[in-house]
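Participant: Going down the list, the protein sequences come from chains A and B.
Last residue of the first sequence? That's 115 in the numbering used here, and every number before it is there in order.
Last residue of the second sequence? That's 1298 in the numbering used here, and every number before it is there in order.
In case anyone wonders, no lab produced these hints; they're calculated from the structure.
You can take every hint at face value.
So the derived list for chain A, only partly shown, Cβ under 8 Å to chain B, looks like this:
hint : residue
1    : I2
2    : R4
3    : I5
4    : F10
5    : N18
6    : L20
7    : W42
Just so we're clear, the structure is a prediction, and the values are computed from it rather than from any experiment.
Cβ atoms here follow ideal geometry from the backbone N, Cα and C, with glycine treated the same way.
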Amino acid sequence: MIDRIRPFVFETNSSLTNALILFDKDTYKKWKEDTDLYINIWDESSKVYTKEEAIASIMGFYAELAEDDISESELKGEGFRNSDSLYEDYEVETLDLEEEIGQKYIVLSACKEDR
Amino acid sequence: MMYKYKNGNCNVFIDPDDGTRIIHTDDDCVDLQFPLNVDVSIGRRCDGGCKFCYEGATPDGPEANLEDVPFLDSLRPYTEASINGNSVDHPQLIPFLEKLKEKKIIANMTVNQIHFERKEALIADLLNTGLVHGFGVSLRNPTPEFIERAQKYPTLVVHTIAGVHSKADYEALKDKGLKVLILGYKDKGRGHTYLADEKATIDANRDYLKREIKTILENNWYPVVAFDNLALEQLDIKHVISEKAWEQFYQGDEGTASMFIDLTDRTFGVSSLMPREEMLPITNSIDEMFATVKKIVA
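Could you put the whole structure together from the sequences, leaning on the hints where they help?
Facilitator: Spelled out as structure tokens, the structure:
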């Protein structure tokens, strides 16, 4: 499997543009420390997330659908049951966080490591 | 919003607002049917007079006929077209861009800083109307006025050349929120003569970048730092970043995802570095031309 990412820049040149970074300083520090950051491929803003922020965003989305707060343990756990969804035709029973992240996010590996 | 399309064995996602592009395949290699990006040169008429111009452009140089582009209908939606060659002064530019937009081609454009400053209103219109998405400006002099004007455009990328631009130039752009593309030095056209005449200066500028690039990246001087394939090689970037990051960010070798078309000479090839005498006549099929390019680099 291959994922090639060209973050936040168009091809304006006579050769392939290999973009390496686009972060503010704080995000960049996190990136260096945490190793991985995430881009939500369906997000309209050019935003990068830590894994925790990505999970919180996913949980927030489902919590809104379920009109229930998701507990901290559910957020960090294997998923949650959504038995009272207001959306009858929206059949979400369990949530596999890793699968959700895999579907919505691309991981940006840290650019710089000691080699 | 992201556009998604299938190309060969890959799914390609592209964000038309900021350019983010993701190429995904479940296979072990990327094998594209048509180019993700076509570099299109539309002329060699330019009054910029850059001493290192690899195209050898002059004020009375030739311009392409943009009313007759035989492969236009074969371009797939969301392919990127990088338009170069003092494009803002080309009389047929706007109808050409309109045709591209109609076909859902993502047109990007690069001009010299002097033309950006001279024709900023036109450029702003092209960006606002979606006729152009990504915009490159070849740096001449990073004055405070230029920096202030450039900061207004979120998709603008400042083009610099390793060997031409100096420590002072890179420092002037530092912490200004501008995206920077570092290009390799092309030993072609006037670039060949300039290299012979100014070798010591070019080497010193390139050595500075080679030495400092890790610091520039690690201290986040610019929100985006991008390189073309030639700069990756000349500055040995592969040894500055992690292997994991290289696998993810490296967009592929020349001719595997992009190709070059010279509409003035009506020829195509792997990239603009290809000697003019080795270029081939354009056809009416982008897939056919790209298949040839892939064979050349295979």
